[in-house]
Every structure is written in C-alpha cells, then in structure tokens.
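Chemist: Kindly produce the complete structure, drawing on both the sequences and the hints.
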Amino acid sequence: MPNQKIKTKKGEMIRLLQQPFLLLTIFLIFLSLIIFILLPIFNVLKLAFTDKADVPTLGNLLKILNSKGYIKTFFNSMKLGAAVAAGSTLIGYLFAYTVTRTSIKFKGFFRGLATLPIISPPFVLSLSIIFLFGRQGIITSGLLGFKNFNVYGMHSLVIVQILSNFPIAFLTLTGILGAIDPSVEDAAYNMGASRGRIFRTITLPLSAPGIVSALLLTFIQSLEDFANPAVIGGNFSTLAVEAYRLVTGMNDMHGGSMMAIVLLLPTVCAFLLQKYWVRNKSFVTVTGKPTQARKELRERHIVYPLTILCYLIAACIIMFYGTVLAGAFIKTWGYNWNISLDHFKYVMSLKVSDLTNSVQLALLSAPIGGLLGIGIAYLTTRKRFPGRRAMELISMLSFAIPGTVLGIGYVFSFNQKPLLLTGTAIILVAAFTFRNMPVAIESGSTTLMQIDRSIEEASTILGADDGITFRRIILPMLKQPFFSGMVFAFVRAMTAVSTVIFLVSPKWSLATTTVYSLFDGSKYGDAAAYVLLMITIIFVVMILLKLAVHIILAPRIKKHNI
Amino acid sequence: MANNIIRNQTDMQMFSGKSSEVKLQKITKIFQDHSTRDDFTAVNNIDLTIADGELVTLLGPSGCGKTTTLRMISGFELPSSGAIYIGDTDVANVPPNKRDISMVFQSYALFPHMTIWDNIAYGLKIKIKNKTQIEKQVKAVIEMMQLKGLQDRFPNQLSGGQQQRVALARAIVIEPKVLLFDEPLSNLDAKLREMMRDDLRALQKRLNITSLYVTHDQSEAMAISDRIVIMKDGNLAQIGTPQEIYEFPDSKFVANFIGKANFIPAIYKCSGPNGMMVSVEGRQLLVENPGGHTYQNEDRVALTIRPESIYLDEDEGLPGTITRSTYLGTKIEYEVDIKSTVLTVETADPQRTKVYYEGDQVMVRLDTQCIRVLPEDEK
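Here the protein sequences come in this chain order: A and B.
Here the first sequence is numbered in this note's numbering, starting from 1 and rising by one per residue.
Here the second sequence is numbered in this note's numbering, starting from 1001 and rising by one per residue.
Treat the hints as calculated values from the structure; they're not laboratory data.
Owing to the predicted nature of the structure, the values given are computational and were not obtained by experimental measurement.
Here a beta-carbon is modelled for each residue, glycine too, at the ideal position from N, C-alpha and C.
Please note: incorrect hints may appear among the correct ones.
Said to hold, decoys possible - Listed next, the in silico DSSO-like pairs over lysine-lysine satisfying Cα-Cα at most 27 Å (straight line):
id	chain 1	residue 1	chain 2	residue 2
1	B	Lys1205	A	Lys559
2	B	Lys1098	B	Lys1269
3	A	Lys559	B	Lys1131
4	A	Lys559	B	Lys1136
5	A	Lys68	B	Lys1125
6	B	Lys1205	A	Lys558
Claimed, not checked - Residues from chain A that keep clear of chain B, each with C-beta distances beyond 12 Å, as calculated:
id	residue
7	Phe75
8	Leu113
9	Thr460
Modeler: The following block contains the structure:
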C-alpha cells in the first residue's frame, strides 16, 4: 500500500511545517554543519586534486606516491598509530579491569589519574620526556651519564602518546567492563571455572567490542596528533607534521592538502569502523535495571600483581607530571638546580595576552558547542525529519577529521567575502566549536537514550510545544552531559594545536602556539612554567563552570502551602 | 486509604464538562521494518466510537495493535489511512499538544526534576496565564487526589501508588476532552492495583470524562469498563459490555482470552424456536442459548462452556475421571477426562462442597443454558 505510506510521510511533513521553530532550528544546524564542516573538507579535497592554476590533476597524489620520503612518512604514521593503539589499549584494559573487578584500594585516585592526561595541555609529556631523557635529562645524563642519548624519534613518541591516549581506552573499557552483568561471571564461577578461565572465556570475549573500539579510537588520536611529533619527532616524520610543513613552510597548499587527505582516509575509515561495525557487535545490553552488585576479586595472586602494575604506571605518570612541575621552578635544567620564579616572571612579562585569548575564546565556544551538541543529540535521537541520519553522520564526522585537515580547510574556506573570517577570533571559535561538539552529542545521545520517551510525550500531551519541552524538560535532565560536554569543549579548546596552528594571527594568537614557539626555541623551563599556568587556569575554570552550571540549572523549589 | 478519593468534594465542579466523543473511521496503521523494508499492519481498518463520558478498554495480547490505536488518538502516531474525530474536529493535522487530550503513562512519566506541585501545574501553566487560577486548580486537584503534604517533594521521594496518583492528577487538572490510559496500573503490586483501579473508575465516573484505557489484564478490563474492545492482530475481535463479552463471546479467541472456556467439537443439525440442535459424538443435544451465529447443515461447530457452568456429582451425567485437582481457596479447578475430551471444571466454595481428588470417578453435568455454539474454525 504505497499510497498510504506516502500519506504518513506527508502527514509527518505537515507536522514539521506546523512547528516553525523546530524547522528553523533544523535548517540553521544544517547550514552551520555545511559551512563549518562540509565546505572546509570539500575545499581541502579541491585543493588536493588541483594544481596551482586550478586545473584538476592527480599530480599531488603521484608526487607523494613517487617520493620515498613521503611513503616513509605514511608508514611512520601507521606504525606509530598501531604501536600506540596497542600500548594504550593494553594499559587501559589493565587499569579498567583492575578498577572494575578487584578490591584494589584508592580507585578514585586511579580514575583521577587517568583523567589527568585528558585535561592537560599537549607538550606536557613531551616536555618532561626531554627533562628526563634529553641531552640534559636527569635520567640519561644525570643518572646514567649518557652523553649523546637521542630522545627525539619514534621511541619517545610511542611513550608520550601512550601515556596521553590510554585514558581514552580506559574510559571506553571501564564502560564496557562495568556493563557486563556480574551474574554472567558468577554463573561461570558457580560452574567451577577458575578465575583465569572466566577471564579467558567470558570477560575477554564480552569486552572484545570495547577493545576494538579502544584500539581504533587511540589509533585515530595518534594519527591526528600534531603537537608531540612536531616537538619530539626529530627525523621521524608523520603525516600531520608533514602536511603542516608543506602548507606553512613550503607554501605548497596543494601538496599539503593532499597530505591531509592521506591522513584523513585512515582516520575516517577507523572512525566509521568503530561507529557502525563495532557497535553492532556489542553483546552488552544496558537494561537500566540495577543488577546485583559486583563481587570484587580478593585472591592475592590476582590482586597483587595487578596492583603492582597499576602503581608502577601511576608512578610513571606522576613522575612525568612532577618533572614538568619541577622544570618550571628550576633555574636552568641540567646546570643550575636552584629554585626560582624566573620562568614565570619571563612568561608573564611576555605572553599573557595569548593566555587570556585562549581562555576567552574557549569559554565562548564551550557553551555554543555544548548547546549545539545537545540540540543535535535531541534532534537525531528524538525527532523524525528528512536528513536526520545525514545530520548525525556529518556532526560526528568532525570527531574523526584530523585537526590538520580542518585547519587547512578553514584557512581556504574563510579567506574571502562573504565568509572572510581569516585572522579573526570567529574562525577560532568556530574551529573549537565544531571540532569539540561531538563529545556533547555523544554524551547527550547516551543520556537521551536512557530517558523514557514518555516523559517528553507527557510534556507534549499536556500542551507543550517542542520548544517548551526542550527548555523545561530535556535541558534540565541533560544537565550532566551538557556540563561534561561544555567542560570537555573548553579543555579541548584550551589545548588544541593541530587546527589552530593554521588559524592563529598576530592579533589572535593562543596559549598553545606560544608553548610551541617556546619549545621551538628550546626554552623548556619557560614552556614548563607556561604549561603549568595553563593547567592551573583549566582547573580553576572547570571548577567555576561546574559551580555556574549548578547554580543556573539547579531546580528552584518554591514551597506551596495548602 | 485512597478509597474515599473524590467523594464529597465540592471542588468537583471545577473539573467539568469539556469531555467529548471520539470517533475512529477506517483507521489503518502500517509500519515499515527499517532493515527488511517489510510492511507490517499494526492496525487494520478499524471503526470505533467512544461516547461522551464513556470508558472503553482496548484489550488484547501484546502486538494486537491496542497501544498503536491509543497513540494514534494521542497524535504520537499518524494513521496510514482513515480519520479520527475528537468531538466534531478531524484531528489529522492537529499535533498532540493541541488535541486537548491527557494521557496517563505506564511509567507515569513524571518529570523527575520537578516537584509534585510543578508536575501537576505544568500543563496549566502552558494553557492559562492567570496565576491565581492555576494555584486554585492545582490545590483542588491535590486535595482531591489526597496528595496534600506531598506537593514540595520530588517524584522519586514518593511510593508507586502516590506517583500513580500524581500522574492522574497531572492528567485531569487540565480538564482534557479525552483521557487516555496506557496500562497505567501495570507497575503496581496486585493489592494496590485493585484499589487504584476502583478509585480510577470512581474518578472517571464522577468527572464523566471520555476515556480510553489500554490493558492486557482481563480482570482489570472487566472491572473498570463500560465497554471492552477485544483486539487481535490489528483487528477488532469483539466489542461489548464486560457481561456481553464474557457470556456471549463471538469467537473461540474471545472466549479463551476473557476467562477460561471448554470447547467441545460438534456438528450443527438445525435451528428452531427452542434453540439449536447439534450432534455431539452421535448424540443429539438441544442448545437453548446458542448465541448469534448462523450455520449451514453439517457445519463443524464448537460447543463453548465456562468451567463454572459444569457440575460434578455422583449420580447422573457423563462418566469421567479427575486427572488434575488444583485448590485455589475460593474454588477448586479440576481437569476431568470424559474420554472424548478433557474438560476444565470449577467448583466454588470448597469448604462447603464436596472435594474430589485425582483418580476419582465422577459424573459430569453441563448446564445447557450456558452452552454457546461458536464456529469451529478461526478466521
């Protein structure tokens, strides 16, 4: 009965047309997604497949394929990505298993420690690896007396990227390990299986989708990373850095764009694989029903080795961060070990405006990104309209698109009227907003899927239109994901490098680019002081944000006497 | 406690006469499976009128289309074809929030971040601007539903029964034209459920509000309905008062769905002024009250009889053997093997009547007044 289907479709269209506010919202979101995500990608593609005279060509691709150096760069990135994905997932799993399954003490401490790399600016770990293993490193030069140990290269990158990316694996895996119904493992134990057997035959297979997910996500992160390879990669070239060098150093927009496309392909593939294939494979079902509390493993031969490993890794992380802290206060690392505030004095005299720029723009983009993300999450999970799936895909895509690609795309999309944004603050805010919005979308969708749909229907049937329902019902219930989306957007904006490196201007330069230039000038102590200032600011703003959201969205109880 | 809800309340007049008739005309709903692209007819061309002030229950097994029908009236689903009228208005292009309908949800769907007062006032605040009027109406309904003292609490601080009353209060305070119930009592325990259903019926009668009630619980449907609509596979199986449906089921499906029934295969012979003549195992039997169906000669039919219309004793009737005996307190349920078939029999009041045990030989007597003749083959 095709005509009846058409009638239903038509009925839905009429419904939609009756809600001008909803329609306008959908239209504006689509418009912004097209301008700030699709257009830049399209422009990068256009640049990659044209030459200087705008003639379509495959020359840029052939140039890469015919160059041994570039082929090596590609495989460097893949090798690094694979090693980092494996290492991060292994450590992430170790942490996640220990925290969710055993009676290890100080679980909060481990969880907190795992979030440290997420909220800290890039360069921190690179800085400390130089402090520790560099030419004047306290371990290589001080402790071991090596004279010419080369800290630059893949080995350092692997360590630094694993330490900064394992939290992603940890979070993904605690989610999935925590969601496995404890009674499944109890049933196996009850049937006489040993702990090892339970792990091999039950826990590991059930968490396999999470493992693949963690591998793919950390792989993407490693490929996208610009900051660490740029400062400690040495002769080890990666795609993100090479694209930057081609665009800014050699002024070869077309070659750089092609390099960016080469970087884009594997990340988008990994992302799509993660999103559509792995998720459908998941065995874990969230019923929303509280099941029995999990019994923690107490067997010593299991808990002790896991605990020792976790403490070792924790000690390693603390050492890295402690080193930066020390580096900021030591007068001259390796020569003069006196404690001084010189580095702080220097950076305060020099680059305070960059810091305030970063905070201002990040603060501006955070609520925009948070609100936009929650709005998109609401529309895609709860509303039926043509283009719904396209909206979902495009908005999530910005998560998989390397910052380098977006940066290059922005430079060439917004350098002429009517969208002349290059050199302004708007271009930076837009970059922050659209690059960091997916987290709000993710957490918003997850929360929405757990909220009974009939709560919104109750609001509707009581006479509320979609606008009122969104403001009065959805938004207050999404307080938590909105807040975390906003905080994450703020932190990512404060710490962004790969995108903004193309977009900063003399008027609007940012904290991260300052660290980069200090690093470039080998002013490690100053860089450490600067990074420390950034961490402090991020912490303070996070707390203030939390307070603000709490005050703004707290339910106001008006007592009614009857 | 809640049994005296709404009795002797003068504020009653405040909630009044906007109620109106609901009419479904040739309503069909076809869903499409997203992955296989197969069509599935959830509701098939049904006609139904709910009179002003009437409470009609949609009853049927899961997947029969009862919830879909309710959701089409609420406007959350759009019919694939057909028309829905509320009063005289065709609501095809009226969105749910403009239909002047209220709904009580299975999960109650209370707003978790609002107090009880704000939950109840939510709909009024949208409809009217006058603050004193809102206050007056919310207050009245809080008193009526015996929620006094709970108004500043949050939903999760209330018991299931209290949450249910808030959900009901929130639905009636806006004086809707129609009240819809989507299995509202299924989250309550058995005792509370019975109490709530009596309160709910009393309230509905007092307010005289047109109501459609969806449930899969037949005793709930029997207890509260003016009329019951039995649905099966998207079609209407039968419409009638609880008594009509129980005593004169239209089909074996209905007979089996409401209460229990025995089916004895028989052959139709002829009809006369005294009833219908059928042949059971070669013996002729006159059925005085066969029901509304007509048959051709030699049609295969099913004699349908309720377990409580069959009597057991020792002197006269068909010989049989007790194969199962289940003691249920108010009654005993037996399975009796009468060779040709196995009958389910209920005897009331085990403290006063004779009790049989498995293996006992008994005589079985059917109350022929209570036998109905139904078509053997289901459509």
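Chemist: Next step is simple, just say for each hint if it's right about the structure.
Modeler: Evaluated hints:
no. : hint                     : result
1   : B:Lys1205 with A:Lys559  : violated (32 Å)
2   : B:Lys1098 with B:Lys1269 : violated (57 Å)
3   : A:Lys559 with B:Lys1131  : holds (15 Å)
4   : A:Lys559 with B:Lys1136  : holds (15 Å)
5   : A:Lys68 with B:Lys1125   : violated (71 Å)
6   : B:Lys1205 with A:Lys558  : violated (34 Å)
7   : Phe75                    : holds (39 Å)
8   : Leu113                   : holds (33 Å)
9   : Thr460                   : violated (5 Å)
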